[in-house]
Amino acid sequence: MSMNNAPNVFLDPNANRFQVNIINEDHDNNETTQEDVGSDPPHYEETSFTDETHNRLRISYRPGKRELYDNFRQNGEKTEASLHPYDTHSKMYYLQTFGHNTMDPVPKIDYYRNTGSVSGNKLNRPSLLEIHEQLAKNIAVSTGSVERVANGESSAGDETAVSKEEENKTGFVKFGWVKGVLVRCMLNIWGVMLFIRLSWIVGQAGIGLGVIIILLATMVTSITGLSTSAIATNGFVRGGGAYYLISRSLGPEFGGSIGLIFAFANAVAVAMYVVGFAETVVELLKESDTLMVDESNDIRIIGTITVVCLLGISVAGMEWEAKAQVILLIVLLVAIANFFIGTVIPTNTEKKARGFFNYQGSIFAENFGPDFRSGEGFFSVFAIFFPAATGILAGANISGDLKDPQSAIPQGTMLAILITTIAYIAVAICAGSCVVRDATGNVNDTIVPGMSCNGSSACGLGYDFSRCASQPCDYGLMNNFQVMSMVSGFGPLITAGIFSATLSSALASLVSAPKVFQALCKDNVYKGLEFFAKGYGKNNEPIRGYVLTFVIAMAFILIAELNTIAPIISNFFLASYALINFSCFHASYAKSPGWRPAFRYYNMWVSLFGALLCCGVMFVINWWAALITYAIELFLYIYVTYKKPEVNWGSSTQALYFVNALDSALALTTVEDHVKNFRPQCLALTGAPMVRPALLDITHTFTKNNGLCICCEVYTGPRKLCVKEMNSGMEKKQAWLTKNKRKAFYAAVAADSFRDGVKSLLQASGLGRMKPNTLVIGFKKDWRSAPATQVENYVGIIHDAFDFELGVIIIRISQGFDISQVLQVQEELEKLEQERLALEATIKENDFEEGKRGICGFFKKASSLNISKHETKKESTINTIQSMHVGEFNQRLLEASTQFKKKQGKGTIDIWWLFDDGGLTILIPYILTLRKKWKNCKLRIFTGGKVNRIEEEKLVMASLLSKFRIKFADVNIICDINIKPNKESWKFFEEMIEPYRLHESCKDITTAEKLKREAPWKITDAELEAFKEKSYRQVRLNELLQEHSRAANLIVLSLPVARKGAVSDYLYMAWLEILSKNLPPVLMVRGNHKNVLTFYS
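Just so you know, the sequence shown maps onto residues 294 to 1390 in the working numbering.
For the record, the hints were derived by calculation from the structure and aren't laboratory data.
Since the model is a prediction, treat every value here as computed from it, not as a measurement.
Yeah, the Cβ is synthetic: ideal placement off N, Cα and C, and Gly gets one too.
There's no promise every hint is true.
[What the hints assert, rightly or not] Restricting the straight-line Cα-Cα distance to at most 20 Å, the calculated cross-link-like pairs of lysine to aspartate or glutamate (EDC-like) are:
1. Lys1353 with Asp1093
2. Lys467 with Glu614
3. Lys1276 with Glu1322
4. Lys1013 with Asp1045
5. Lys1276 with Asp1263
6. Lys1256 with Asp1209
[What the hints assert, rightly or not] Derived Cβ-Cβ restraints for the label pairs, each shown as a range:
7. Gln1108 with Arg1242: 35 to 45 Å
8. Ile712 with Val736: 13 to 23 Å
9. Ala762 with Gly501: 16 to 26 Å
Model the full structure from these sequences, guided by the hints.
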């Protein structure tokens, strides 16, 4: 690559240490390239290949270097100085890191993004394979990692610029921690309770207990705030607030259940706050005698108008809503300040008669202790106050609209809790220090000389309110809810504060409910709610959610039975707090390496205490509302668990599953195996599970909920291709097992030969005590036509299993197990069907376009319809022919592949327990009869014996089975196993092994030795003679099986063992072939000769 046009471009002495270089390996210019690179190495800061800007190379240059950079781009033409990253047929590009040419990239945030990230595009780093494998000199970059960069996955700097450009273009609004969190939380926490109930709480509980009540409520919210902060700083936070935090920590089951009730609680809270506002307005109308209809209907009318106005503000956009919140906060702060100013303004006679005397030590002392009346107590007063402390999630609920949720949520939430708590405590102390508990409001109730006094603080200040002890009074902390208005410097400001508190809380809830609900719907946890996931406008506003919230709020405003629903709503919020605290505890307890919150001021046990405290407060507030909340949450939890949404958020529940599984596996290693706890743990050589479904089905039948089942596949061939194919298919095949409800694992190995792969699996599969003890393998049906190496490998696997002390089960069905050809045909048919549907859709679109053009369009439409019908007919003919082909050749194979899925009718499982292998031959069929599909099958036992001892041996076997507590229908003693088979059967066996015999006895010694060396796998005459009796037995057993068990549903048979080094592979395969030929499904079983049954308790 010539750089003569800019010889001094890369001589910047301030070059960044992290460099990216582009190297050209064009062989035609190799010398020039090397010379240029060696003399003037380029020092670009970053390089990104994108298909934007006319597919040119985009380079991030330093300020002031643009004119130098422009030397490399001359209107996109291919000149000496231009770089074209897509000329990859003769060029190879590397990234230069730390001054060395390598594909290894430096750490970058974009490699760690999720696909579809809203904050930037995800980059794909070069795979380990691309870095690890040898790089060819003349390789063309067409599918590698560099092309992934070239296809639009740009550098971090470019993506940031694009992200900012889009943000500026669309006007996307994001809030900081003050306007987004602090303001909202303060407005939501400061509710009507501050102005009209806090004085009553101080009157009942006294200043001391009143402050304790405030601090207790604050403790609950503070712990929840700490937990929220920890969760919010453990990764990027999207929209959804409490739902998002809980669902990503505890999973969709908890998140989905709490998200729905939390959104509903916010929607109903809108009605509560609006009714509070409407009641205050109606009180003002009542005082001025200007009611429209009556009190209740006026509340409905004013409430409706208010909700419509609030909805308008919300729909106008988050920016307008935020401005409204700031205005309301200013009004609220002025109202609170007005109260404190009023406490120091000298009181007048009218206010003294109503119990206000400015700050007095005697009043403080009198009001410090409690004076519970009307059946109230500490917890009942606490229950009334606690809703005033809620609202701490108002900022977190709009997490998707925050610039930096990770810092905004902790800062804003905790500061809001601190400020509001100080305000509550200050108001409580001030009110308790200035106003007496009871006052008549009568200015004439003053103490005159010579008049006795009851010793109250009012007496000392010249007023006699003693008659309040015998009759109700209208003023004082205990009787007047408008104490703050009376004390304040300017009463109407308190009314404005009440308006501000109610409207701000209503507005916050009106925004929170749709935002949380939209996040819930986007996750598709509840299938029927996708409609509400759609957002509109620059801020992705949930307009549909706003309308739904409006409808719910209107319904409850019109019902106007909020006194009943209010405790449930408070409990809904508390349930959310409890789960947030539990989420923090659970994530910490699971000890997942992914739990790394930036907020450090939390403790897992404090979070657990907070969760329990929230649950306790729920019952304190209202026990029946708490039960209803738990019932609803439990119902939704069960529903989501049953539906199993297809999401994976890396929740702490998953982490705890792993920890528990690991602990259990480790604990299991300390427990010695006992025969009573033996269970078949099978390593099944199924290959891909979907290719041999019948083999998996029968294995799964006796391992489901009972033992371990590992479906194994061995990849042989070029290692690079095998490893790539194996890695790409692991998750897919495990997912197939899960989808088809097969409780099994999938394992695969790449090896030089099939036998080596199985040997690795036999040795390394499993974990601790959960290791396979039985090898399950299908019968090699094509052994006669297969290469000798395949037969050697197959028999060698059986020998290896016995060497590693595993039991072996060889299963044979008439049609074989492999249905890969059927799957291939089905896949082709599905592709043809998809192509046909796509063609029809295209034709319909064309017809629609042509139909718009009048008569000409009509005739063209008719013509195209004819063509379409002809093509469709032709395709359907092809499909029919292929279907017939599949039906003729593969229908029986398909039926055979599903035979173990079907329920077995009444029949028998015949067990030919000829040799004692420890009991596995009898245990497997017994387990089968415990399954629903096989429970109608009875066990029939066949075993060898002597003619003159048939009855005795039958009793011995029956006694043995009874001691093992295995039910059986019949015991048959076979006495003629060892007689010679008939001539036809033996002739068939001899013809079967003829192609594999050496016939060395009829040749001279030299020739015979040569034949043995050339074909060591062949059956020698000496071997055949040595094992003639055993061969007779296998042939004879097949005759007996044909005679006794031809109608059985399943045959379980003792597997003959070939002595290693003595019996050739082909003779052994001939034994297995003749033994199981022309029979129902056969399981040839041989245990490892260790007891798997016991008659001891």
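A quick look at each hint next to the structure:
no., hint, verdict
1, Lys1353 with Asp1093, "10 Å, holds"
2, Lys467 with Glu614, "13 Å, holds"
3, Lys1276 with Glu1322, "15 Å, holds"
4, Lys1013 with Asp1045, "12 Å, holds"
5, Lys1276 with Asp1263, "31 Å, violated"
6, Lys1256 with Asp1209, "16 Å, holds"
7, Gln1108 with Arg1242: 35 to 45 Å, "41 Å, holds"
8, Ile712 with Val736: 13 to 23 Å, "39 Å, violated"
9, Ala762 with Gly501: 16 to 26 Å, "23 Å, holds"
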